[in-house]
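Trainee: Given next are the chains, with one letter for each unit.
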Amino acid sequence: MPTTSALGYDDLPELLTRLTGDEKHDRAALSTLDVLWVLYDRVLRVDPLDAEDPSRDRFLLSKGHGPAAYYAVLAAKGFVELDALDGFGAFDSTLGYHPDAALVHGVEISSGSLGHGLPIAVGMALALDAQGQGGARVVCLVGDGELDEGSNWEAVQLAGRLRLARLTVVVVDNRTSTYHWPGGIDARFAIEGWDTERIDGRDHDALERALGGTGVAPNVVVAEVSR
Amino acid sequence: MSTMRSRFYELAARALDDDPRVALVAAEIGLSELPEDHPRLFNVGIREQLMIGVAAGLAREGMRPIVHSYAPFLVERPYEQIKLDLGHQDVGAILVSTGASYDSARSGRTHQAPGDVAVLSALPGWTIHVPGHPDELERQLHEALRSDGRVYIRMSDEANGAAVPAGGLVVLRRGSDAAPVVLAVGPTLDPVLEATSDLDATVAYLSTVRPFDAAGLRALMRGTDVVLVEPYLAGTSAAAVASALADRPHRLLTLGVGNLELRRYGTGADHRAAHGLDADGIRRSLAGFALPAAA
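Chains A and B are the protein sequences, given in the same order.
Quick note on numbering that gives the first Met the number 0: the first sequence kicks off at 0 and runs consecutively.
Quick note on numbering that gives the first Met the number 0: the second sequence kicks off at 0 and runs consecutively.
These are computed hints drawn from the structure, not numbers from a lab.
A few of these clues could be false.
Over 12 angstroms on every C-beta distance to chain A, these chain B residues come out as not near it, computed from the model [as the list claims (entries may be wrong)]:
1) Arg-145
2) Val-169
3) Leu-219
4) Gly-222
5) Leu-232
6) Asp-246
7) Leu-261
8) Tyr-264
Rough simulated footprint, nothing fancy, chain A against chain B, three-plus residues with beta-carbon under 8 angstroms [to be verified]:
9) 29 to 41
10) 44 to 56
11) 82 to 91
Source: prediction; values computed, not measured.
Note that beta-carbon positions come from the ideal geometry of N, C-alpha and C, so glycine has one too.
Using the sequences provided together with the hints, build the complete structure.
Mentor: Given below as structure tokens:
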């Protein structure tokens, strides 16, 4: 349910302390914290009081692992009640270790199994194009490890060749992929026709600038975050 | 008579023209039969995981996607996408397959999907149609287009000579009260009718197997014996029959495609006979179960 809370970036640590999870998920959660904050604070046109507005921007957290940062940002922005944070992972909680869109207000997709968000994002972008839905953007967050899944590359290939300009992918790159990406993640997207940018994933101004604009092709923002 | 596949292409093209919610998602299959330049026909290339994900995204935005490919590439290869992108996201789509269990016998095992209905049955909320005639396919597709649900339509090159005009469990021949009920699914109806033409058997027909018409079967049963004849993996609906008759003594014989690597090519008719699903094979099985007169 939407709330009227309007909390700031400095409130996030307190919200995170209300959430509990195992250490593995904690580390991943924090890697996405700044990207998520900048998206919800400065970039996405979303409203907790009108979460199904057809003209809204769509945000898809494909990397559903470690959602504590996501829940904390959603709570700070009024999508999730603060009290819900306390039950993280419990049987009767709406907030699990992977988000369920049917349970959490404002969450566009359920995620957890890796490599599913980006193909769905391509379908959403195609639908919005077919429906002539103005400036609504589709933003999908993936992890660098998640890009191991081949299903992502089916989506990257098609989105590039169809020039789905309303689609933005942000890769939170904390170098978890065991075999890494020789030549760089951005180069893999560039060869498929995407506009690319590589930035510091903790730099809010750089994130805002990189995530803010759309061109004539889909774009990827590789947000580097130390482990 | 047109084939199910040719009828489907006609109907899909018409639906694209008539209803702005309808989209068609394909992976290079059937394009020569479809209006390829239509703005809501999305060919994703040979990318079947993406095919389902794209359908989910379209549905999430209010469209009604029809997804079409060969059964193994539509159901088995992107099975997790079907489970999660459609089911767990709780969006609908109409999956329409071609090839069935062994229509593409010459192409070998890679193009055969006798397990498709069984694996889809393991997911909640699916309506599964197994049409036995192009007219049944037309009725089922229209019904699916009017809903927002998750629907699988399994087309086949095998078809019965005449359509059964109603849905649900339909009785086509009545035997005595003690006679076994032979439940034919989709294209198995004609060989079942031939196999039982001179036997004391009740023949009933199903072209929709999920949800399973348990009430229809319960209302029909007078005796104890059921013979389930399915054009895919034998026993796929055995649990549904057992559940329908849980409080009644009964015996169940399941006929269908054997769960084995046949490693044969040839024709669909060759495979139907090899799995005992032609009239002679069905009659042999009946003789060994409830109808010694069939011997």
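Trainee: With reference to the structure, classify each hint as holding or not holding.
Mentor: Comparing the hints with the structure gives:
1. Arg-145: holds (20 angstroms)
2. Val-169: Non-interface label on B:Val-169 holds, nearest chain A Cβ at 37 angstroms vs cutoff 12 angstroms.
3. Leu-219: holds (38 angstroms)
4. Gly-222: holds (45 angstroms)
5. Leu-232: holds (26 angstroms)
6. Asp-246: B:Asp-246 clear of chain A: closest Cβ-Cβ about 33 angstroms, beyond 12 angstroms.
7. Leu-261: holds (30 angstroms)
8. Tyr-264: Correct as stated: the minimum Cβ-Cβ distance to chain A is 30 angstroms, above 12 angstroms.
9. 29 to 41: It holds, with 3 qualifying residues against the three required.
10. 44 to 56: holds (count 10)
11. 82 to 91: n = 5 at 8 angstroms, threshold three: holds.
Against the hints set out earlier in the document, no violation occurs for any number.
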